[in-house]
Every structure is written in structure tokens, then in C-alpha cells.
Amino acid sequence: MEHLIPALGLVLQPDTLIALFLAALFGFVVGVLPGLTATMAVALLVPITFMLSPLAAIASIVSASAMAMFAGDVPGALLRIPGTPASAAYVDDAYLLTRAGRAGYILGIGALCSLIGGVIGTLVLLSAAPILADFALKFSAFEFFWLAVLGLSCGVFVAGDKPLKGAIALLVGLLISVVGMDYTTGMPRFTFGNATLLEGISFIPALIGMFALPEILRALLKSDRAGARFATPVVDEWRGVFATVFRYRRVTLRSAALGTGVGVLPGASADIAAWISFALGRRLSREPQKWGTGHPEGVIAGSSANNAALGGAWVPALVFAIPGDTITAVAIGVLYLKGLNPGPAVFINNPEMIYAVFIVFLIANLLLLPFGWLAIRIAKLVLAIPQTIIMPALFILAMVGAFAIDNDVSGIIIMVCLGIVAYLMEGAEFPLAPVVLGIVLGKLVEQNLMQSLISAQGNLLVFFERPISAVLGVATVGIWLFTLLRWVQRSLRAREVRSD
Amino acid sequence: MKINDLLFGLIIAGLGLAVLIYAGTLPDVPGHYYGPGLFPTVIGAGFLVCGGVLAGSTFKSRERSTLIDCPDWRGASRGLVQVALMSVAILVFVGFGDLIGFRLFAFVTLAAMYLVAGRGLLVSLLLAVVITALLDTLFVGLLGVPLPVGELPGLSG
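In the order they appear, the protein sequences are chains D and W.
Sequential numbering from 15 applies to the first sequence in my numbering.
Sequential numbering from 112 applies to the second sequence in my numbering.
One should not assume that every hint holds.
[To be verified] In the BS3-like style, the derived pairs of lysine-lysine whose C-alpha atoms are separated by at most 25 Å in a straight line are:
1. D:K152 - D:K352
2. D:K176 - W:K113
3. W:K113 - W:K171
4. W:K171 - D:K176
5. D:K236 - W:K113
[Said to hold, decoys possible] What the simulated footprint calls covered on chain W by chain D, stretch by stretch (three residues with Cβ under 8 Å from a Cβ of chain D suffice, anywhere in the stretch; the number is not a length):
6. 118-131
7. 147-154
8. 198-211
If you're looking for bench data, these hints aren't it; they were derived computationally from the structure.
Backbone N, C-alpha and C fix where the C-beta goes; we use that ideal spot for every residue, glycine too.
So here's chain W without its partners, still in its complex pose:
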């Protein structure tokens, strides 16, 4: 997905303005010009200038291309569903990760994604189990990372 340089430049310049305004609200070290706002001010000014130059030079070169160029996703219906699944999975983990636990989450997500990718039911489930087990051993077993265990009765741990 390609955002046109002109639009991007304007967005960046706008961001720069927002950063500058925010940086203005930060107090200075008393009696000096520097303070927590100095660095953000420099960054904001940089955004403003660079974004302006980008937008300006694109405008001047008179390249006329579409503002937002979406690639042809028509043939990638499976992919789009998988991306949707990923988004749902992220939301679920963020919201309910502690409740569900890592193993169940990973297994269900993987199985669903493999099914959508066109693998058969058995293969999907098998792959999901193997990969979940592998990641679990590696991170929890070997590296000691405390992934959420989950509170569902019978399925946790």
C-alpha cells in the first residue's frame, strides 16, 4: 500500500507541527532555554522542514499519481482472512491473554490460520500442536520466560 509522497510529506509536516506545539507546553529548566522541550522541538522542526520539502518537491515535479495506491488484493482472499485472524488474535491476547493462557491461544490461532491457508484439518492441528510445543519449550522451558498460564480449569498449565 503506497501513500503518495505529497500526502506523506503533508502528514509528516502536520506531525511536526503537532510535536512543536506539544513541546511548547513542556517547561524549561528555570533561567535557561533548554529543558525537556528542547529535543522534541528540534525533532518537530525537523519533521516540519523535511515534510514540507518532501511535499513541495513532489508537487513541483508534477508527478501525478494516486494519493493512496492499494495493490491488487483480489487474488489474496486467503491472505486477507489470515490478516483479519491475526488482528483478532492480537486483540484477544491483549484483552484475555491471562485468562486463556499462551498454549491454548497459540494452538487455536495457528490451527485457524493453517486451516484458512488451505491445509487439511489434520495437518493444521498437527502443525499447531508441534509449533506450540516447540515455542513453549523454548521460551518457557529453556529461557524461563513467564508466558501467561491461563486460568481456564483443566486447560491451564
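Next up, chain D with everything else stripped away, as it sits in the complex:
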């Protein structure tokens, strides 16, 4: 604690504060654009960090990532296109609320929950960094496999009352993730001789294709008689935001804790945290039937978790120089460049710097509230524009976004193909969120599965040998059995009713 005052002194320098604020602005712009992720925002900042002091460099990275993570909610709510994959879990509820004229409300909730999640993640980081890092290091391929499978199972739960369709959607996502070179042997799979597919299907064009294209198609094809020319109803203000978050305070806190926990695990990022939190929230909710109809609880669960995960990801990064997610992977590089070698020694050699980083975290998260207000102003502007003007612009934006990833038209082709698939799936009432989950987690699941199998020489029992692995494994299998039993029970009951 004696380091706190000097740390504060380090933070309250003009260059640090200016870097923090400008990076927040930058992160907001990047996060708002569909297809550009928080990681990209951070990566784009790296050249600029060369010119900054070490603390200013870290401040800009932290600030940009926190803001980008929240900003991803904005296009999700306004246009049903998640700005970052982490927002995809709750995009439907947010969008439905916007259509009901409550865009300001849901964006305000997103901002507030992101703030709370981020602050809690930071506080945990501050107080428990060494202990958590210790726990995280116990994770081997087996534990990661079960965690990833647990994450996937949540994808089926996200589908709610249609687990069968959710499972199929998940499998579609997994199939997409399998395309490309195999992890263990380098064998090309499902590439059919095409060299571009060797790297796999880029998930940003996939994301844009699945969420943007069907929406554009639907908006354009709405009959002229239905008055599609008119703008979405007016945006309300922050009315009820604080009250709602207070009402669901337990959900918020639980999601933040969960998000931090997932973020601490190396390789498990904010996307996974958001989904697990969303699925868990639905399971534990007192009003599960309202989810998916424009209910804020899902947004609260996901929003708190993904920002909390950002803070959690810094635990292994700072303590062991092991990235907690892709953002911290970039950040570690920057730390080394600045001579701030992360690792246990940094707590001894440079304690003021570490505390300064924590304070920077807090400030960056507090900025979320004014930026949330900014987001609502933007919302008003965007929603006042008639759909017929937005949709063509959105189409070009989607094309650029899909192209920009690999600077190749393959991105556009992927976008179109998946867009068509998504359009057909949505028409047949299949949920899309599990597809994204499958794409994101597929590689993680398979890589850890193969690593585990190879080290266990094919012996499946080894998956339950290690204590954490056993717990996670039993929990996952238990959840499956439980869901299966409930489904059987429900169909038997339905058959009884029919035969009466």
C-alpha cells in the first residue's frame, strides 16, 4: 500500500492521461465498427506506443481494449451486428430492445455493466494476482479441454428451449473451425485443394457474413408497404438503467466474478467468458422465458463478464508473462519493449509501476460511463437515419470489413457463403450464437483434445485423473446427462398429453 501514492503520482502525468483518453476514443471507434476487434485496436496501437513512456503505453492499451470491448455492444444493439465476437452472445436481446425504442436504455446498461465488470476484474487483479496465477498454471491440456467443452455446452444452452437446433448450430460452427490444416499432423482438411483455405476460415468475415448480411437482406426485402422506409422508433435516455442494474445486482456481480475467473485462464478470452456467463445466467435466472425476447438480464450477464475477463487476463500476463488472451499477448510484447519485463520479479523491482497499471485500469473503466453516454448520442443519430439509407452503406462496410482481415477477396467469399447459410438457418429458426461459439472454440477444443490424447496415449481415463480436470469433466458430463434427461422427460410428458 505504500506504493499507492507514488503510483498515483506516476499516473497523474499529462502524457499518461492524454494517452489514456485518446486511446479510449480510438478503442471506441474500432470497437464500434463491425469486424474490428478489441485485439485489433490494441495491435494497431503498438506503433504509437513506441513513442510513449512505459506507463502511457500500458495505459493506452488497457484503455483501448476496455473501450473496444464495450463499443462492440453498440452496433450489436443498433444494427444486430456484433462489433466484437464477445458481444455476439447477447446481441439478439439488445437488438430487440432497440426495436422497442429502448436503445438508450440497453446501451446504458451495457456501459454500466462493462464498468462494474471491469472494475471488479481490476480489483481482483490487484488483490489476488499471485494466487490466481498459481491456480492458472495448474491448467494443462486436459483442463483446457474440459473448459472448452464446457464452453461449447453453454452454446447449446444459449439456445434455450431449442437445444436440438442449438446443437446443430454448434456443430456447424465446429465444422467451420475444422477447415484448414490439422493441428497435429498438418494434414489439410476440407480444403479441397484450395490454398487459401489452408489457414482455415477467418472468423471475422464469418461473423460479418452471419450477422450483417441476413439483416441487410431482410431489411431490403421488407415489403415497401410495410413502411420499411421509416426509421426505428426514438431512443430513450438512461431512464431506468441504474435501477435495472441494481435489480439484477446479483447477476452482475456473479458474471463479473465468473468473467474474471475465465479471463485469468491463459487462452480463455472475453468471448468465452461472455458466453459462459450468458448461459449460466439463463440457467439460474428467475425469468428464463423472457430471455431472447428483449430482456436486459442476458446483456447484463454478458457485458459484465467480458469486461471483467479483460482485467483477469492481465493476471497471468503480469505475474508470469503468460498471456491471458490475445490482447495481453500484444501487451506483453510492449512491456518487454519498454524494459518492464513481466514476471514475478516485476512486483519486487517495480512495484509502483504495477500499482500504477492497476490505477490506470480503474480510470479506463470509469471512462466507460461518459463514453456510454456518447454511444447513446451516436445511437440517436444512427437510428434517425432511414433503413434504406443505412443498408447499402452497411453493405459496403461489411465488404470492407470482410476484405480488410486478409486483404484478400477470400474474406468476401466466406462472408457471402456464410451469409446465405445464416439466412437459411435463421429462417428455419436456428439460433446463430452457437455457430459463432463453435467457430471460436472449435480449434481450442480440438487442439487440447489431441494434445491430451497424445500424452495419454489414447487412454480416455486419464481425462479424469488430474483433480481439476476430474471436477470439470464430471461437471460437463453431468450437465449433458441432466439436459438429456430433461429433454426425454419433456418429450414423454408431451406424448402423455397427446394420448389423453
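Following the hints, position chain W against chain D.
Below, chain W without anything else, positioned relative to chain D:
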């Protein structure tokens, strides 16, 4: 456009079969049962089972609805033309994007779509210019994304 669950289930099951067959052609790690084909096999089996269950349960519930249900697009003639324009635009960009360059492509596509939407000529052109400029500044100027510049004399850059 709604594809009936029965049909969808059958398509998924068929996909599962195709995936299983393909996965069978992938070699295993010598001496073990696992290899590059393991995960695809699991996925294929999953498709087969889930698709089968979906088709089966729809069949059993005796819901008789049309196989493919197309919504009434008669009133949306403008929309249909715009969708056609979008398809053409995509093909053009994929094929000739490098030749035409992003700015020209975006401008022409946007102007055409706005004209079809019923906006006047002047408004369409204006909107197209503004939006193209905005996107160009944002992506090329601010974010440094190298969008195709185009090789047409006088219009490139």
C-alpha cells in the same frame, strides 16, 4: 424463407454422412485411433444423429407445412433489385476489384442502390460520394487498411 424442419433435418443428416465419409479418408496417427479424422468424425456423427432426430420428430408430430416457405416478396420489388445489385457488386469486386479500385466500386454501387431505392439522382450521387469518402478516410486514412486502389487511368488513387 423458411425451410421445413423435416427437410432441414434430412439435409443436416446428409451433411453428416458426407462429413463422416470424408473423415474416413483422413489417415490416423500410426498405431492409434485418433488423428486428423477424429474431430470431423465426431462432428459428422453429431450431424447425423441431430439431423435424424430433427427430421424424425417433425415427421412424428405430423405437422404438415410446406417444404420451403417463401415469404411474399411481391411488394418488395425494389428490394429484390437491390439484392440483385448486391450480388452483381460482390461478383464484380471479387473478379475486378483490383482493377476498378475501392472508391469507384463503392461510389457506383451505392449510387445504384440508392437510385433503385427511390431516392432522386442528385441525392443518390451525393450520398454515394459522402459515404465513400467517409469509409475511405476511416479505413484507409485512419486505420491503414490497404484497400484496392485500382488501375484505371485517371480514376485510381
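Structure-based check of each hint:
1. D:K152 - D:K352: Violated, because 29 Å separates the two Cα atoms, which is more than 25 Å.
2. D:K176 - W:K113: Distance ~17 Å between D:K176 and W:K113 Cα, so the pair holds.
3. W:K113 - W:K171: Distance ~20 Å between W:K113 and W:K171 Cα, so the pair holds.
4. W:K171 - D:K176: 17 Å, holds
5. D:K236 - W:K113: 15 Å, holds
6. 118-131: holds (count 3)
7. 147-154: holds (count 5)
8. 198-211: holds (count 5)
Checked against the numbered hints above, the structure breaks only hint 1 and satisfies the rest.
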